[in-house]
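A.B. asks: Sequence:
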Amino acid sequence: NLAFPVGVSLQLAPGKTTAADNDVATSWCVGTTTISGTNPDKGTPKAANTPCGVTIGWCRLQAPESATVAAGGTVDVYGRLYVGGVTDVNQTGNDANAFIKAAVGVSPLDPATFDAAAWTWTAATANAGYGTASPSFEANNDEYKGTITAPAAPGGYRYAFRVSGDSGATWTYCDLARGVGHDGAEDGFALADAGALTVTTQCSPNPCTTPTAATCTGEVYQTYAAPGTCTPGASAPTCDYAPNAPIDCAATGERCSVAGGGCVACVGDDDCGVPFEACDLGTHACVAACMDDGYEPNDTSAAPKVLTADVLATDLVMCAGDPDYYAMDLIAGQTVDALIEFDPAMADLTLALLDPSGATVAESATSADFEELSYTPTAAGRYVLAVTAPAAEQALYDLTVTFGADACTGVTCDSPPATCSAGRYRVYDLPGDCTPVGGAPSCEYTASIDDDCAGSGFLCDEALGCVE
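Each residue of the sequence shown is one higher than the one before, counting from 236 in my numbering.
Note that these hints are calculated values from the structure, not bench results.
Just so you know, even glycine gets a beta-carbon here, dropped at the ideal spot from N, CA and C.
Misleading hints may appear alongside valid ones.
To be verified - Straight line, CA to CA, 20 angstroms or less: simulated EDC-like cross-link-like pairs of lysine to aspartate or glutamate:
1. 540 to 550
2. 540 to 527
3. 380 to 311
4. 380 to 323
5. 540 to 572
6. 380 to 428
7. 540 to 557
8. 380 to 418
9. 540 to 528
10. 540 to 607
11. 540 to 633
12. 540 to 590
13. 380 to 330
Unchecked claim - Using C-beta positions, here's what the derived DEER-type ranges look like:
14. 609 to 485: 44 to 54 angstroms
15. 466 to 281: 53 to 63 angstroms
16. 427 to 387: 19 to 29 angstroms
17. 593 to 485: 45 to 55 angstroms
18. 654 to 617: 32 to 42 angstroms
19. 556 to 593: 18 to 28 angstroms
20. 518 to 439: 35 to 45 angstroms
21. 503 to 532: 22 to 32 angstroms
22. 439 to 345: 14 to 24 angstroms
23. 651 to 693: 15 to 25 angstroms
24. 417 to 391: 13 to 23 angstroms
25. 301 to 279: 41 to 51 angstroms
Sequences and hints are given; from them, build the entire structure.
C.D. replies: The following block contains the structure:
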């Protein structure tokens with residue numbers, strides 16, 4: 236149940252003229268104006284309603300104090316206000332109130348006096364980000380935020396904050412804090428204490444200083460000239476950058492690299508003298524290097540590359556101080572033949588064969604462009620080929636190794652005779668399977684007949700099978 240004061244009218248706030256406004260309780264308030272000197276009742280019959288709302292206690296243009304922006308650019312402006320019983324309720328942020336309106340405004344060019352009607356005002360809204368973590372947070376005050384747009388004409392302007400407690404019927408104007416007794420609207424509004432806005436032309440000074448990024452199209456390097464041509468826009472300028480003369484890197488035998496800043500010696504290892512050069516991606520220059528081949532790591536006789544079949548390999552790499560070792564599991568009488576071919580102008584390579592104890596059993600060290608050896612071991616085991624060079628020399632070489640790598644080559648696993656073992660009769664009438672074991676062939680057989688004579692009450696006879 237609502238109780239209204241006697242002799243006081245209930246009136247609709249000025250500006251609240253829609254059907255929707257009519258249905259909102261906060262659009263209504265009690266009259267505050269005495270009807271006449273002899274009538275103490277309050278209201279405004281036959282006259283405009285007096286404003287409804289709250290009383291603005293204080294306000295301030297919070298930030299920024301000044302701004303410089305190109306014509307058409309924007310600046311976010313913040314203002315704070317105090318209304319007793321409203322803004323001091325929520326101590327950690329803003330308080331909602333339907334009667335409070337706020338705006339930010341920008342003056343005409345170089346104003347000498349303050350004329351609010353001549354300013355351009357834009358609505359401000361409660362700053363959703365305002366809270367205890369905000370700079371210079373004030374628990375009793377609320378903060379609003381609006382955006383001003385820089386006028387088209389360059390020069391000096393002023394900007395300010397204003398707030399209304401009666402839905403915009405009346406306004407309080409707010410300037411900056413200027414010390415004790417001069418905090419915003421505490422001492423009224425002074426044009427000199429409003430924010431200072433400097434508007435520059437969009438193209439002066441020319442903002443087009445960062446040209447379009449360079450490109451590589453194939454091996455053609457394209458750059459663009461700076462400064463570019465500035466064209467003013469509605470809110471920001473556009474920049475156009477003229478292309479410089481393209482550079483054909485291929486014409487000088489170079490590669491195109493944006494990262495390298497133009498024509499460079501290399502963009503990858505394939506541009507260099509692989510395997511003895513690599514591309515330094517920092518300088519895009521070919522630098523001395525030695526790239527291992529696919530048989531690495533095989534730098535010691537204790538950790539060689541094990542060969543399980545004959546080999547014909549080309550362009551193997553001998554790096555300086557990095558010998559290569561290749562191992563084979565041989566049986567007695569299994570001949571190994573090895574050949575290396577190379578350019579002696581690059582390195583004088585040597586070829587040797589080491590037996591399982593590490594002793595050299597064959598070696599070839601001539602001044603020719605190849606080295607070769609052949610050796611037939613008398614004992615089975617792991618034999619190691621060693622390809623070496625003087626410490627500072629490196630070269631490419633081709634390697635050919637034949638050794639009948641499969642120890643089962645030429646081996647036929649003939650079926651053994653039938654057997655009787657533990658009362659079982661087994662017949663092996665199929666060839667066995669040969670498997671290299673430790674460099675020697677090993678035959679395994681599968682029985683085609685496997686009868687349990689003893690379990691059936693018979694005797695086992697190797698010639699006849701199960702008999703009574």
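A.B. asks: Which hint numbers does the structure go against, in order from smallest to largest?
C.D. replies: none
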